[in-house]
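Peer 1: The listed protein sequences derive, respectively, from chains E and A. Per the working numbering, residue 18 is the first one in the first sequence, and the count goes up by one each step. Per the working numbering, residue 18 is the first one in the second sequence, and the count goes up by one each step.
Don't take every hint at face value.
Just so you know, same-sequence chains aren't split out, so a pair can sit in one copy or run between any two.
The list that follows gives simulated cross-link-like pairs (lysine to aspartate or glutamate, EDC-like), each with its CA atoms no further than 16 Å apart [claimed, not checked]:
#: 1; residue 1: 275; residue 2: 199
#: 2; residue 1: 140; residue 2: 94
#: 3; residue 1: 275; residue 2: 305
#: 4; residue 1: 298; residue 2: 133
By construction, these hints were calculated from the structure, which means they are not laboratory data. All values derive from a computational prediction rather than experimental measurement.
2 protein chains.
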Amino acid sequence: MKEYYRKATRPIYLGDIKIGGGAPISIQSMLSVKTSNLPAAQKQLRELQAAGCEIIRFSVMDLDDAQAIKPLKQSCDLPMVADIHFDYKLAIASILNGIDGLRINPGNIGSRQGVESLVAVAKDHKIPIRIGVNSGSLPKDLLSKYGHGKDTMVEAALSHVKILEDLGYHEIKISAKASNLELMLASYRELSKRCDYPLHLGVTEAGTLLSGSIKSAIGIGILLEEGIGDTIRVSLSDDPQKEVWVARQILINLGLRKGLKIVSCPTCGRTRIDLIRLVQKVEAALQEFADRELTIAVMGCAVNGPGEAREADFGIAGGDNEGLIFAHGEIIKKVPEAELLPELLNLIRQA
Amino acid sequence: MKEYYRKATRPIYLGDIKIGGGAPISIQSMLSVKTSNLPAAQKQLRELQAAGCEIIRFSVMDLDDAQAIKPLKQSCDLPMVADIHFDYKLAIASILNGIDGLRINPGNIGSRQGVESLVAVAKDHKIPIRIGVNSGSLPKDLLSKYGHGKDTMVEAALSHVKILEDLGYHEIKISAKASNLELMLASYRELSKRCDYPLHLGVTEAGTLLSGSIKSAIGIGILLEEGIGDTIRVSLSDDPQKEVWVARQILINLGLRKGLKIVSCPTCGRTRIDLIRLVQKVEAALQEFADRELTIAVMGCAVNGPGEAREADFGIAGGDNEGLIFAHGEIIKKVPEAELLPELLNLIRQA
Chain E
18 MKEYYRKATR PIYLGDIKIG GGAPISIQSM LSVKTSNLPA AQKQLRELQA
68 AGCEIIRFSV MDLDDAQAIK PLKQSCDLPM VADIHFDYKL AIASILNGID
118 GLRINPGNIG SRQGVESLVA VAKDHKIPIR IGVNSGSLPK DLLSKYGHGK
168 DTMVEAALSH VKILEDLGYH EIKISAKASN LELMLASYRE LSKRCDYPLH
218 LGVTEAGTLL SGSIKSAIGI GILLEEGIGD TIRVSLSDDP QKEVWVARQI
268 LINLGLRKGL KIVSCPTCGR TRIDLIRLVQ KVEAALQEFA DRELTIAVMG
318 CAVNGPGEAR EADFGIAGGD NEGLIFAHGE IIKKVPEAEL LPELLNLIRQ
368 A
Chain A
18 MKEYYRKATR PIYLGDIKIG GGAPISIQSM LSVKTSNLPA AQKQLRELQA
68 AGCEIIRFSV MDLDDAQAIK PLKQSCDLPM VADIHFDYKL AIASILNGID
118 GLRINPGNIG SRQGVESLVA VAKDHKIPIR IGVNSGSLPK DLLSKYGHGK
168 DTMVEAALSH VKILEDLGYH EIKISAKASN LELMLASYRE LSKRCDYPLH
218 LGVTEAGTLL SGSIKSAIGI GILLEEGIGD TIRVSLSDDP QKEVWVARQI
268 LINLGLRKGL KIVSCPTCGR TRIDLIRLVQ KVEAALQEFA DRELTIAVMG
318 CAVNGPGEAR EADFGIAGGD NEGLIFAHGE IIKKVPEAEL LPELLNLIRQ
368 A
């Protein structure tokens with residue numbers, strides 16, 4: 018993997034997972050079912066873990082949700098984060114039920130005394146706290162002072178931070194999500210300048226699978242390329258497993274994580290096979306190799322295919338109802354179109 | 018739109034479209050059918066133009082393709098670019114048939130004399146030339162000198178440029194596409210430092226609709242954010258109309274073009290309506306407003322919805338089989354779930 022400039026941040030730990038301090042960038046997602054609906058929550062936990070999710074967040078909206086943490090922790094070994102609004106008692110209950118991290122905003126979680134009790138319990142159990150600012154729910158006093166922009170986002174985040182710091186607590190992570198990319202980029206850049214807590218990157222309310230992925234890829238991708246960000250969540254109005262898949266693609270493409278890359282040409286006047294369907298089938302079939310550091314090329318044209326995909330480990334190049342199988346730029350064999358995919362899979366399995 | 022740092026480049030013109038020199042970033046795509054197949058090519062031209070494509074490229078592989086240019090130009094008023102390999106005569110034929118731009122690499126388009134004739138004709142007709150370097154087809158001599166990296170990409174591009182400059186021709190645009198993002202980023206950054214010709218950005222062999230969009234959004238997005246790039250093409254192994262849609266999303270999200278933005282929350286334990294399906298339907302229905310500078314929010318939850326989507330012009334927030342319609346953060350009315358979308362569309366049409 019490439020040598021990357023990364024802004025130095027203080028590490029925190031969610032269970033065994035280190036965030037910040039030079040640790041690999043971790044992938045998070047969130048349950049979309051009610052936390053206390055144990056069968057549904059456990060099913061989604063298993064699916065997310067299988068998809069490569071490394072940290073799971075869920076809403077804790079009531080005591081039932083907080084009490085679900087114990088059985089959820091027993092059924093899955095991923096670190097879990099409770100997302101709590103306006104009630105420090107639910108945060109304390111979550112810690113006592115075994116949560117690994119909290120996402121709360123200390124400024125609106127309860128009375129000063131409530132916050133002090135919560136921080137005392139968090140200290141005792143070494144539970145890090147994510148301060149999560151969201152462009153859609155900014156404090157009114159800051160909005161009227163600074164307007165709807167990065168200053169309000171950053172001041173809101175740092176005012177929550179200050180409450181924890183004043184209580185001598187520094188196991189902090191910060192997010193500053195916006196649905197507007199310019200605001201999201203500006204807020205994270207400013208936070209990265211102003212403090213060294215690890216940052217949790219995300220674009221909020223990003224949209225559907227395709228449009229939300231595009232938006233998240235731009236926003237998260239730009240910041241990671243600038244060395245900003247320690248853990249990421251892609252938010253989509255879709256199944257959270259897809260959020261994990263998209264997050265992986267972002268990290269793999271930026272050279273921040275090893276994994277399978279598929280390159281495939283746009284079809285053109287030269288293409289004589291059904292390339293679009295073929296590459297979709299290849300992509301689906303290759304999910305079993307998702308963690309292998311492999312580049313696989315699927316090219317439409319037998320003339321330029323192997324050359325254009327010289328960087329690929331393995332590949333196929335289409336012709337007239339047939340195609341070439343190649344490895345590291347060399348042609349291995351010519352096979353009928355229907356055998357291209359099975360031959361490719363054989364080759365990868367044997368490698 | 019935001020004030021953006023943009024690297025200053027020399028402008029060129031493809032038909033009426035200015036590229037570089039501070040012009041808006043234009044969107045290109047390429048025909049995937051054989052150019053000389055007139056009914057298919059004309060159908061695809063119409064589809065691409067309707068999708069918002071601003072410059073059309075197609076392969077010219079033989080004289081039939083070159084002769085198709087005249088009827089294609091008669092049927093569609095978009096600027097057209099002929100993509101030609103290894104045969105300067107096809108390039109001359111394309112110009113004489115009315116093409117607006119060429120994509121050729123002068124170093125491998127024919128003899129010195131051939132290149133001179135071609136450039137003379139291009140000068141006469143003021144036809145700009147894109148030099149297009151591709152990581153998969155780099156010259157062997159440079160590969161053995163510099164290895165497979167940005168130096169070979171950049172030297173290859175600049176050696177083609179030098180041929181045109183030596184002939185006194187400067188109507189040049191450059192691309193340096195790679196399927197590997199790190200190589201793509203490094204090559205364009207270096208080209209942007211070393212010359213002031215406008216740059217055509219793209220990730221080559223990017224992949225399927227979703228994975229290719231993610232990859233293109235990262236690569237093109239990072240460079241545009243750095244002020245690099247004057248025109249873009251998203252390459253997907255899919256229908257070229259989708260390339261145009263994805264390219265638009267990249268520009269709109271970066272604030273480089275006006276257009277419709279849809280924000281929608283990831284579902285969570287609070288969501289009581291079928292948000293995923295609803296937002297997909299909203300996205301499809303709103304395509305008629307694609308050019309309007311509007312932000313539309315589709316939120317799962319009636320409690321936080323309007324607040325979280327304060328930045329949106331219009332929106333809907335789901336509840337229990339019903340939902341709220343809001344405008345600029347204010348609730349307008351409460352309607353049954355089935356009427357959310359029609360009410361939203363009414364509201365936008367009246368705005």
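Peer 1: Could you run down the list of hints and mark each one as holding or not?
Peer 2: Going down the list of hints, with the structure as the test:
1. 275 - 199: between (29 Å within a copy, 14 Å between copies)
2. 140 - 94: Cα proximity of residue 140 and residue 94: none, with 22 Å in one copy and 68 Å across.
3. 275 - 305: within (14 Å within a copy, 41 Å between copies)
4. 298 - 133: neither (55 Å within a copy, 46 Å between copies)
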